[in-house]
Amino acid sequence: MSAIISPCGQYRYLLKRHAESMSPTKSAALFVMLNPSTADATLDDPTIRRCRCFAKLWDCNGLAVANLYALRSTDPAALWSHPDPVGPDNDDYLRNFARECGDVVCAWGSNAKPERAAHVASILTDAGARLWCLGTTSDGSPRHPLYVRSDQRLVEWCPVEASRQRGDRARVHTHDLQESRF
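Residue numbering for the sequence shown follows our numbering, beginning at 27 and increasing consecutively.
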């Protein structure tokens, strides 16, 4: 169990969990969500517990969690009043984690600013990642793990930035899990 937290303590860039019951031959499941809450190197919050269940279901050898916004807050609305909710190093960490994991589960829900979500999706795909999600919200955003069934199928998520103006932010294609590197 580990976490990369900024020296000031305001930002969490990565959270990692390993489990002995997870497969050593598969990669870690990288979730990219909205923003970190209370979980740290030793403490899990409800979202991390749910992500661990999905990683175990997919037989991954671990779990990594990054976020669109690295600011640690239990209130997502606080992001919009902070001068730098992204964090000074977040994009670099996202790029490196995407290269390391290959497959990324996008799971930030519908509270993200569309421009930030599109920017992060671009960072992830430019790093060579294949994007997945646990279904989408009515506006096409990738659903948050706490708001899906525990047996929700993983589906490929294809962001379409050009269609944002039409309100159609993403296309979803259902694939078998065997097609992912998980």
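To be clear, the hints were calculated from the coordinates, so they are not data collected in a lab.
One or more hints might be untrue.
[Unchecked claim] Label pairs and their in silico Cβ distance ranges: (1) Arg125 <-> Asp177: 18 to 24 Å; (2) Gln36 <-> Asp85: 31 to 37 Å; (3) Gly154 <-> Ala103: 29 to 35 Å.
Small disclaimer: the values here were computed from a predicted structure and weren't measured.
We treat Cβ as the ideally placed atom computed from N, Cα and C, and that holds for glycine.
Tested hints:
Restraint check, Arg125 to Asp177: a C-beta distance of roughly 30 Å breaks the suggested window 18 to 24 Å. Separation of Gln36 from Asp85 is about 35 Å and conforms to the stated range, judged on CB atoms against 31 to 37 Å. A hinted range of 29 to 35 Å holds for the C-beta pair Gly154 and Ala103, which are about 34 Å apart.
The structure fails to meet hint 1 from the earlier list, while all remaining hints are met.
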